[in-house]
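As they're listed, the protein sequences go chains A and B. With the numbering used here as the guide, the letters of the first sequence map in order to residues 54 to 274. With the numbering used here as the guide, the letters of the second sequence map in order to residues 1429 to 1744.
Read the hints as simulated data drawn from the structure, not as lab findings. Some hints here could point you the wrong way.
[To be verified] Partial list, derived from the structure: chain A residues whose beta carbon lies under 8 Å from chain B:
id	residue
1	Gln62
2	Leu63
3	His65
4	Ala69
5	Leu73
6	Thr80
7	Val142
8	Trp144
9	Pro153
10	Met156
11	Val161
12	Val163
13	Phe167
14	Pro172
15	Ser183
Since the model is a prediction, treat every value here as computed from it, not as a measurement. Just so it is clear, CB atoms sit at the ideal spot from N, CA and C, and this is done for glycine as well.
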Amino acid sequence: MLKLSLASQLIHFGAALLLLTAFAMLTQRRVLSLVNLFAWQGLILSVSTAVVAYSSVQHHLYVSAALSLLLKVILLPLILRRLLKRLNVRWDNETLLSVPTTMLVGIVLVVFAFSLAQPIAELSTSIARSTLGIALAVVMLSFLMMITRRKAVSQVIGFLAMENGLFFAATSATYGMPMVVELGVALDVLVGTLILGVFFFQIREQFDSLDLQHLEQLKED
Amino acid sequence: MNALNFALAISETVMAIALAPLLLGLVDQCRAWLQNRRGAGLLQPYRTLRKLLKKDAVVAQTASPLFRASPYVQFGAMALATAIIPIFGTHSLLATSADTIALVGLFAIARVFTALAAMDIGTAFGTLGARREMMIGFLSEPALLMVFFTASLITQSTLLPNIVITMTSHELVIYPSLAFAAFAFVMVLLAENARIPIDNPSTHLELTMIHEAMVLEYSARHLALIEWATALKLLNFAAIGLALFLPWGLSAPGDGGLAIAASLLIALAKLALFCAVLALIETMSAKLRIFRAPEFLGTAFLLAVLGLLVHQLLGS
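Can you build the whole structure from these sequences, using the hints too?
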């Protein structure tokens, strides 16, 4: 068995925890717990980015770790919690697929992502290259969550979790994106959440519920 | 020296069997403290056992010999498992005679006999409990096996003592796959031991009960044996969990007296910590509806499978 350095062990562990939170989000029915899980995911992401930064002496990664800590652990969960309080949303019971089925589909997605990432990871030279498969799996699981949920809030959280996965993929494959791109994405996510927050109120005003099924009928009859 | 080792192993197994009700008492006491109650004291399970052993047994007229034999089989299977699992040291009595897969089979024997005895009398409650128990069992067994396979893939052995020795012999390595396995194992442990998200151990007359429904017809010495077997099962699962995920501090064969005493203290401290954590989990979670149990155990199974997958991706 190959001996791994402590840093890469920590990165692997963080990646595994990230996958765990992605799965937990997939099975969670309470929207408030979903927000908490999202905050945890952000924290794990930020810590593992900091470890990558330390072990590969890439100083700009410290900035992105701090950025994701500020944005994904403090700011976005705060906004989401306030939104939930004002919208009075607690549960997202009616998933499109039942939870066990969703989990089975999730496992298939993980296998798919792992096998997909294997050849790509071999091209990379970064310390965290073998976690690329996990990053891809997180992206796909979040995508699955967006597909299977009905409430607008959970879909937005799925979208944010997907961004987490992409961010992790960038860190693990190429030591992160250029600073300008990263700042741009961070700002986009923040503004996107704010705008979607406004949308929530509009949707609720129109349909008296946050269930996005109502949006499928555009004609009034 | 060999005879000494043998005597040591026997005394450890006997001590573990004697200590098992204390574990149950500690969990109940911790739960009571967490719920702002005074609790019945650490020795309450022993008092219950003494009371039950003093009474005369009542057996239903329709009972077959299986009904009488079942408590002994359950207790025997659990005691045998206690002798196999490394609780204080890796040199437990039957350590090398059965591996983890055989252990799962041993638990299954106990479960099948409990269920058969519950159906034997023909009461509605017994049959209901037996069916529920078998449903929980068929969902939790594969998850337990997957947890064992994850540990076995890392250490190249299915024997618990070998797993412990391989884990502790090299320097500390963080295995991400074991994190998944640990989560899955805790969920299986809660389900297998009739703990709160799946079953409530402190109810005796509720429509939601599983384990209690199966043993309603038992009394006196039979019930005492069943209760003791339940305590042993909790101890066995705790010891398996500690051996897989916190294997440090177990004494090895050929250790001196001081090392054995130290390993004894460490093992007791770890078991006490386990009780506190179990009580905390039970206090913080609410009982699931029985129809949610497949979801809960399905999650455990999938987590264990994820552990295997992650090991394949990151392991080498």
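Structure-based check of all given hints:
no., hint, result
1, Gln62, "holds, 4 Å"
2, Leu63, "holds, 7 Å"
3, His65, "holds, 5 Å"
4, Ala69, "holds, 3 Å"
5, Leu73, "holds, 7 Å"
6, Thr80, "holds, 6 Å"
7, Val142, "violated, 21 Å"
8, Trp144, "violated, 14 Å"
9, Pro153, "holds, 5 Å"
10, Met156, "holds, 5 Å"
11, Val161, "violated, 11 Å"
12, Val163, "holds, 6 Å"
13, Phe167, "holds, 5 Å"
14, Pro172, "violated, 13 Å"
15, Ser183, "holds, 5 Å"
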